[in-house]
Amino acid sequence: MNDIIKENDNNITEEKVVPQKKPDPRSKLAKPERMLVLNSSPHLHTTKSVHKIMWSVIIALIPAMAMSFYYFGVRAGLMILTCVVATLSTELVMNFMKGEKITISDGSAIITGILLALTLPPTFRLSSAVLGAVVAISLGKHIFGGLGYNIFNPALLGRAFLQASFPVAMTTWSNPITLKYSAIDAVSTATPLGAFKFEKILTDYSDLFFGNIGGSLGETSAIAILIGGIFLLILKNADWRIPLSFIGSVFLLGSIFWLFNPNQYPDPIFHLLSGGLLFGAFFMATDMVTSPITPKGGWIFGAGAGILVIIIRLFGGLPEGVMFSILLMNGVTPLINRYTRPRIFGESRK
Amino acid sequence: MNLLLLFISAAIVNNFVLTYFLGICPFVGVSKRVSSAVSMGLAVMFVMTITAAVTWLIYHLLLVPYHIEILEYVSFILVIASLVQLVEMFIKKVSKPLYDTLGIYLPLITTNCAILGLALFSVLRDYSFVESLVFGIGAGAGFTLALVIMAGIREELELSNIPKPFRGAGITMIVAGSLALAFMGFAGLISM
Amino acid sequence: MAKTPTPLSKEFLKGLWNENPILRMLLGLCPTLAVTNSAINGLSMGLATTFALLCSSILISLLRKIIPSQVRIAGYIVIIATFVTVADKFLAAYLPEISKALGPYVPLIVVNCIILGRQEAFSSKNGVGRSIIDALGMGSGFILVLLVLGSIRELFGSATIFNLQILGDWFNPWMIMILPPGAFLTLGLLIGLGNWLNERKVKI
Amino acid sequence: MNKTTKMVIVLTVITGLSGAILSSWDSVTKPKIEYHKLQALKVAISDVLPSYDYYEEKDIDGKTIYIGKLNDSTQPTGIAFKVDGSGFQGNLSIMVGVDPSFTSITGIKVLEQIETPGLGTKIVEDPSNKTDPFWFPEQFVGVIFSPQINVVKNSIPQNSNEIQAISGATISSKAVVRILNEDISIMKELYQSVN
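Chains as they are written, first to last, in numbering that gives the first Met the number 0: chain A, 0 to 349; chain B, 0 to 191; chain C, 0 to 203; chain D, 0 to 194.
Bound-form chain A, shown alone:
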């Protein structure tokens, strides 16, 4: 802790350009205008609200978890449990290695575990899922200094790691048990986006809406995600601008391409309901640590992610691009913060 304070002091005295201060997200909740946080976590005066937020996110994820259980059976529960146990254990090991206070009770590791599990295919090997969870917590969070300092969404980073490591397993989907009445491992299927991209097959809207389709555990049921997402927005635990501009820009751009050539490009409703768009927009993009702190930044973040989703879905090699889009926008978030931050009076432009 002393080291950190010393380092920060150095930065300010030695450099002509004072680095941008991104407040710890927890302090932002208490006092949004507070721009200078020099001590390291934990911020005791705000710990309570961190707990509250984290647990409300977990509650918001319940509908999606319930639907995944309904469509994919015991396997879904097993996957969620495995990931959560793995993230919690990694968190504990990391705390121990860094010799810091144990942080498993703040709920963030649980959320990372649930989010990761919900973005994996139902038949994915549990041992590989553990690898994803370990990467998410260690490389996604603790190497940056722990909660509040990470640049990339840990769950998405873990998932991207798995996608690059096991490309075939990560794109092998199975039908929901409600559709086949057989063991889920038996039949492999395509996601609606994959079916459209490679074979130009459209999926029925009601199936998309309720989630009776192939896909990652938690992303298939639009209605469950909407319920959870709206719950989060009502509690003001997520910046509404991000999902709005994210979904809005996908809808807008999707419409333009669809009107331009309906045979080549799917309609905007299909874009919204398929793949991980809603799940990503409500639960991944709104992560307070890795998204911009300014309202204007929120708009830019969402719109940028939406544009990238459309580019990847329509012109890229992969059927789905929500994960990559959010990760890319996570990467440019510091730049967005830098250029949308309200200037303090008398401060130079640099």
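None of these hints come from the bench; they were simulated from the model. One or more hints might be untrue.
[Stated by the list, open to error] Within a straight-line C-alpha distance of at most 16 Å, the following computed EDC-like cross-link-like pairs (lysine to aspartate or glutamate) qualify: (1) C:K99 - D:D98; (2) D:K62 - B:D125; (3) D:K62 - D:D83; (4) D:K152 - A:D203; (5) D:K62 - D:D182; (6) D:K81 - D:D46; (7) C:K99 - D:E111; (8) B:K163 - C:E198; (9) D:K68 - D:D46; (10) D:K108 - D:D46; (11) D:K81 - D:E181; (12) A:K97 - C:E198.
Given the structure is predicted, the values throughout are model-derived calculations rather than measurements.
Could you slot chains B, C and D onto chain A? The hints should help.
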């Protein structure tokens, strides 16, 4: 090959820094401040474009006709070194403010492997003169993009509680790896 | 420069750890990342670089009194580029498989900062014998890291080291390790490990 | 001796020396490098063409074709040529062999590719890969490209102009087929314009 695809390929899909590991030294060294990253990126882009043109001419009008391709590496590196020198002198004469911004980065560019890499790739892939030029601009734009994103992140990380052994180069590599992961989403953009 | 000369053994060992070109000085990162998707590629690249480094160091320490300092950089890069061409054509003529695997990263040794850096910092100021020791030490340090990195990436990415099956069928290779992100992440962790060991004053 | 002259002389000597070393080294290595190149070409041609005793090289409009012939006949047994285009990540270069009437493929061999390891690279990998017994290039032997080659997913091809895509690497599979469809017809016109 379609020139637009070539540009997108060089700048994003096969980003010089994130997929070919070219220009890693300045990527680690000059990515602490966004402002200097922008200047460095522009300087590299500028030199890349000129290098792409000049080395193409040297290779196809001098080395190939006289069957002295063996001198490829020697001549390329000499060309790049003198080019950087010339560009530096030229900028100094034409625009003082521009020189003040780019000046200190120009000598560093000689040993930036992205520049030599650009010339080598363009010979290896048998690009035409125009293709080689577009390739140069695209690669420079991609380098600038990666460098500026990295600088933004590193400014932010200065306030982080990064474990001591990872401060500096270690965390830069981890962030670069994460960015490279994110950039994998663009794979296939050029095949559709 | 009237200091007592450092013992030769120390001159050699500094390249392996205290002044390791990759982990401590962060030089030559491009080839370090690019060709370490397998142990054999890492080793070949290390050897090719060491060859160019050794030859350039010998020649430049011999010529150090003749080359005027204003044109020394130009002279150095011509000499380095010459030896790199020799190494590149040797690989292409006698070891075509390796040459194909390393591709344009062999000619890129020309701009490897390790080589030019050693000429500037060492060979231009020291005699032949000492320069040879220095080049061998730096080269070994470079090879060592490339070999370790290549082995780790090959082990997790293909379950093999030097094409020998190490991990059994139960292991599902992590494809990412032989892809660019795996290179960055592994090197990042290795640099962190190096710093951690160094802090604890681990010496070899 | 003044400074500038010394600088010029030293640099000239170094450059000259470098040129001398390299040109002598070039004369040693060049034949070997050329030999490897020729060997690789011969292997590629023999992989894609049916039986032949020798092949003739012919340039048509800047494109090189290799015509396989038997010793006792002037009729070609097959024609091979290189085609390229963009794959998933970058350039794909393929040697393709067709029968003399340009109706079916006698073999393909991917010469250069930078597809995703483990996925797209299956367009070249041999069947010794135990996880996937199916060898992509093998499918193309005997495929008829009229009107064009089509790709099917997750099912056994029913028609003689169909190819099954590699699972998980649809784009790479489609890229190979697209390049073949485009370039074979171009080569067909070229070839028939001369004969």
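Check: Of the hints stated earlier, which fail here?
Finding: 1 and 4
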